[in-house]
Each structure stands twice: as C-alpha cells, then as structure tokens.
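Turn these sequences into a full structure, and let the hints steer you where they fit.
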Amino acid sequence: MLGVEHAAGADLSRTWALVPIRGLETAKTRLGEDLDPEERVELVTNLLRRTLVATRDARRIAGTIVVTMDPDAAGIAKELRAIGLVERAPGLNAAIEAARSVAVARGATAVLVLPADLPAVSAEAIDALLAAADRGAGLGRSLAAAVPDRHGLGTNALLLSPPGVIDPAFGEASRAAHAARAEAAGVRWLELDGPLTFDLDTTADLIAAEAAMGARNG
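So the numbering used here is basically just the index in the sequence shown, starting at one, shifted up by 1400.
Read the hints as simulated data drawn from the structure, not as lab findings. Since we're looking at a predicted model, the values are computed, not measured. Yeah, the Cβ is synthetic: ideal placement off N, Cα and C, and Gly gets one too. Some hints could be false.
[As the list claims (entries may be wrong)] Capping the alpha-carbon separation at 20 Å, the derived lysine to any residue pairs in SDA-like fashion look like this:
#1 Lys-1478 x Ala-1505
#2 Lys-1478 x Glu-1425
#3 Lys-1478 x Thr-1445
#4 Lys-1478 x Ala-1462
#5 Lys-1478 x Val-1502
#6 Lys-1478 x Glu-1442
#7 Lys-1478 x Arg-1506
#8 Lys-1478 x Arg-1450
#9 Lys-1478 x Arg-1541
#10 Lys-1478 x Val-1441
#11 Lys-1478 x Arg-1456
#12 Lys-1478 x Asp-1457
#13 Lys-1478 x Arg-1449
#14 Lys-1478 x Ala-1523
#15 Lys-1478 x Pro-1490
#16 Lys-1478 x Arg-1488
#17 Lys-1478 x Pro-1437
#18 Lys-1478 x Ala-1498
#19 Lys-1478 x Ala-1528
#20 Lys-1478 x Ser-1501
#21 Lys-1478 x Glu-1439
#22 Lys-1478 x Leu-1539
[Claimed, not checked] Beta-carbon label-pair distances, calculated as ranges:
#23 Arg-1459 x Leu-1539: 15 to 25 Å
#24 Arg-1488 x Gly-1586: 30 to 40 Å
#25 Arg-1535 x Thr-1426: 15 to 25 Å
Here it is as structure tokens:
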C-alpha cells in the first residue's frame, strides 16, 4: 500500500500497465459448463496474449507487468516483452499493489490496471483511453479514471496518476468503490467509455468474444 498522494498532479508520460491474472488454469472457472479445461486454458491464454500485444504496441505505455500466481503466465509475459511477477499475495488487490510497487520503482508516473479478460483490447483502444484521460485531467490535480463494465457495476480498467493516489478496490461493485475512494481522496474522477467496456464473464459474453476475436484474427 503506497498511501494517498495528494500533492502531485496527473502525469501520464510514463504509464505502466498492470495485468493481473490468477493463472492460466484457474481463470474464468465460471465458464466451466461451456468449455472443457483445455478449451478454457486456450481461451485464457489467447486473451492474455492479446492483452500483452496491445500493451506492448500501445504508444503511450512505457512497460507492462503481469502479476500472477502461475509461472506459465509469467513466461508468456517475458515472451511478449513484459515483466512476469509471480506473486503469492492474498487476493487480487494485494497482487495489484505488489505490481504497482514494481512499476513505481521503475519510474512509473501512472499505472493502468488492465484485467486480461477484455476481448476488444487493442493498442489503439489503450492509446485512446489514455488520450481521453489526458484531456479530462484537471490541471495540477491527481487523477483516478475508470472504464466501467457495460453493466455499470465493475471496473474493466483503472488508471491512476500518481500511481498511489488511491488503492485498488476490485471485487463486487468495484466501480462505485473506486469512485468513493477517489472522492474521499479529493482527486479528479473520470469514467470513460469505449471498447474496453466489454469483458468476458458469461456464456453470452463468450459467444460475442469468439466472434470479436475471430474477426480481428481473420
């Protein structure tokens, strides 16, 4: 936990992406009725690779850290020029905080938490998100910005500048939790739209994701 940073304004010049993924075999277990274990691992692996290609190719991302409990996921990170951080911290938010500390040590002025379950992720979508945040940031103000999921309940991306301006609150109703933390910290709060509002949780999501990923690969 870095603590709240009040004094510094937003600076997105060195934004690091933080990609949390529990593991290739343990992610997206709710799709177990729709996919056998091999199919689920293939889907999770493809989504992780797609995310890391997007952060690697995004012009406005300085570096990427994959935080995971799975050495295989960390290996994919290194293959795609990201840092693979194998972290046994209890819970998603603690893992993100560990990755954030590594990014700060490497000079990050902002962090973008980007879960690896966004089928429409691309370098263009990430650059557009950061450009929109730049336009919306108040002069001299710290910034917390989020892309909510399409239901308005969860958080599909979280941008923080300075990196420790609030602590992550992923979990149930995380959009409201992040907004409340930003208000309590007295920092600029933005909610942004775009293709990253689509995540993968249900069978209907899976059908749409396969169509989207097939179209991009075709």
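*List, from low to high, the hint numbers that the structure doesn't satisfy.*
Going through the list in order, the structure violates hints 9, 15, 17, 19, 21, 22, 25 and respects the others.
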